[in-house]
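*Asks:* Okay, here's what each chain looks like letter by letter:
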Amino acid sequence: MAWFAKRLLGILLVLLEIMFLIFIMLRVIPGDPASVLLNEHVSPAAIEKLTVSMGLDKSLSEQFIDYLKDALRGDFGLSYYLHKNVGELIYEAFPYTARLACMAAVFAWSFGIVSGIVSVMYHDRILDYLFRGLSLLGISVPIFMVAMFLQYLIYYRLGMLPLNFNGSFVSLLLPAVALGWDSAGSVARITRSQLMEQMGEPYIDTAKAKGLYFSRAVLRHALRNAILPVITVMALQLSGMLSGAVITESIFGVPGIGRLALTAIQTRDMPLLQGTVLFSAFLIAVGNLLADLINSILDPRRGLK
Amino acid sequence: MSRDILLEIKNLTVSVKKDGKDFPIVKGVDIEVPRGKIVGIVGESGCGKSMTAKSINGILPRAARITGGSIIWHDKNGEERDLSSLSEKKLRTICGSEISMVFQEPMTSLNPMMRIGKQVEEVLLIHGLAKSKAEAKEKVIKMLDEVGIAEPELRYNSFPHELSGGMRQRVIIAMAVIAEPKLLIADEPTTALDVTIEAQILKLIRKMCEIHSMSVIIITHNMGVVSKICDDAYVMYMGRIMEHSTTERLFRRPVHPYTRGLLSSIPRIGEDKEYLETIPGNIPEIDKEIRGCEFCLRCSDDIQSCFFEKPEEKEIEEGHFVRCHSVEVLRGGSKVL
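Residue numbers (my numbering), protein chains in the order written: chain V, -13 to 291; chain P, 408 to 744.
Heads up, a few of these hints could be off.
As the list claims (entries may be wrong) - Label pairs and their computed distance ranges (CB to CB):
1. V/Y138 - P/L536: 40 to 48 Å
2. P/E545 - V/S282: 51 to 59 Å
3. P/A606 - V/D285: 30 to 38 Å
4. P/I697 - V/Y108: 50 to 58 Å
5. P/N564 - V/K(-8): 27 to 35 Å
6. P/E545 - V/Y77: 21 to 29 Å
7. P/A541 - V/G145: 37 to 45 Å
8. P/L536 - V/A(-12): 43 to 51 Å
9. V/S282 - P/E487: 52 to 60 Å
None of these hints come from the bench; they were simulated from the model. Backbone N, C-alpha and C fix where the C-beta goes; we use that ideal spot for every residue, glycine too.
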């Protein structure tokens, strides 16, 4: 398990790096959090007082060391604006993001994989062109366009689903489709191209010579080999979606991680922004590790390396 | 019909699409495969020998298709079926059970993600040749043993990458033979292997052919392979059969300039020559139309009609056919051996 330990250490180093970078960046950009929180009519003395109480008068290195020390104890600071512990805020927001991400993933992957397979089975026929067109739309239309189009069509014209998130399962359907839209496109395209590549391999001729017909050869032989890179992409997509969908969550009013991050940016809420960025980085690093693990387990040619 | 024929390829034409036009790469090929015999098709790379083989069990690449002729399969009860016009589904029921194939590349012809035992077993399961999984597994292990794989129970669970090239080719042969087919097509079965393994694999194919009374079609570019195991030999050049006969006659008396060129290109031990003899030139591109004999551009015996007229096939002795304008000349002149 030396491999695993090495990877975990790698993740820790990456997180440390992220903490450092985001910390520096937030302090380089212009704008003083204390004066944003109060406003221009407040006396300089009051701003000064708040600055000291937030610890922003100390030197950068002192501030960073304080931040690290607290982080190690699991304390990511107090949100300036929401006056709550950052960890607690993320903990409250995460379930919404998680539900949204899982639904989006289920939609994206089932659509993507199925349409990839169908495209190959009906190569250069109408269904293939249809799914190829759809997946091209998937990767090229921006999320906010999809979201607004869905709201217009499904809510305004058809009146079938609620416009915004209201806590119910049904109200998450539109955001899930909007969020999963481009993932569905890329999964479909990768599945298709990987399968096409595998169908040209000699072992497919072997399978056909054995008496398997085309569709069975695709499902039984090619898919096993084609799915590995697709799994890697899917793991990255899921960790990306779990770490917050800023645009989708804002448009549909889902109180998840993405909205939290947006609020943090708008209010110069340094601890909250540091917290959400760190959380995203953590999820993505873990997603990477997971993708590698799954690949190693599924591919007999690759041991844990 | 004097001989007991299993498979008869009649006037087969295969074309590939290139820039929207069809170019024939197999041109009116006739091949007879007698029951229980080994037939060799020999020629340079790109002469259409693999395409001929692949059209039998319908695994031609996407761009190629059969544009003429027929492939007649003779059942043992005397029924005839044209494989070239069967539906994909019907053809697949014959493939694997009655016609099987061994491929050139043992490294890539097995599915890297499947255990080899399962891959061999698949043949039995597809064609319903085993009543239970346990019986299938037992048959597979017996077959692996028969093709000379040590510790077959252990190897059953191996993945292809854990085996050497020769072992993988044995697995592929096991897969091809396990359903006891009537015809085995071996497409360059030893090209990717080294010489000692080649001899073993050829011996194995011969042995399997005898034990299971199969017919075999061997596709090769190696005259040595033909002389070692084939009963009949077909020499192919640019999609046409140039000469065919029994192996014995063909080697005793090669007539077509191309056959003679192939034979004299084999290096012999003890021969004191500075250069190895070769056939000059290359195979022309497929989209180049040749009016006369396909071989005229590289032939040493060309006479005028070679450039303008396609030679007909002539029987120069019993069962020995040659497609060459200079046959008459050869017969009358002093050039015949």
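*Asks:* Decide, hint by hint, whether the structure agrees.
*Replies:* Here's how the hints hold up against the structure:
Between V/Y138 and P/L536, the C-beta spacing of about 59 Å breaks the proposed range 40 to 48 Å. Checked against the hint of 51 to 59 Å, the pair P/E545 and V/S282 fails, with Cβ atoms roughly 33 Å apart. Checked against the hint of 30 to 38 Å, the pair P/A606 and V/D285 passes, with Cβ atoms roughly 35 Å apart. For P/I697 and V/Y108, the Cβ-Cβ distance of about 39 Å falls outside the hinted range of 50 to 58 Å, so the restraint is violated.
For the hinted restraint 27 to 35 Å between P/N564 and V/K(-8), the CB-CB distance of approximately 30 Å keeps it satisfied. P/E545 and V/Y77 have their C-beta atoms about 57 Å apart, which leaves the hinted 21 to 29 Å range violated. Under the hint 37 to 45 Å, the C-beta atoms of P/A541 and V/G145, about 59 Å apart, miss the expected range. For P/L536 and V/A(-12), the hinted distance range of 43 to 51 Å is satisfied, since their beta carbons lie about 47 Å from each other.
Taken as a hint, the range 52 to 60 Å holds for the pair V/S282 and P/E487, whose Cβ atoms sit roughly 53 Å apart.
Consistency with the previously given hints fails for numbers 1, 2, 4, 6, 7, ordered from lowest to highest.
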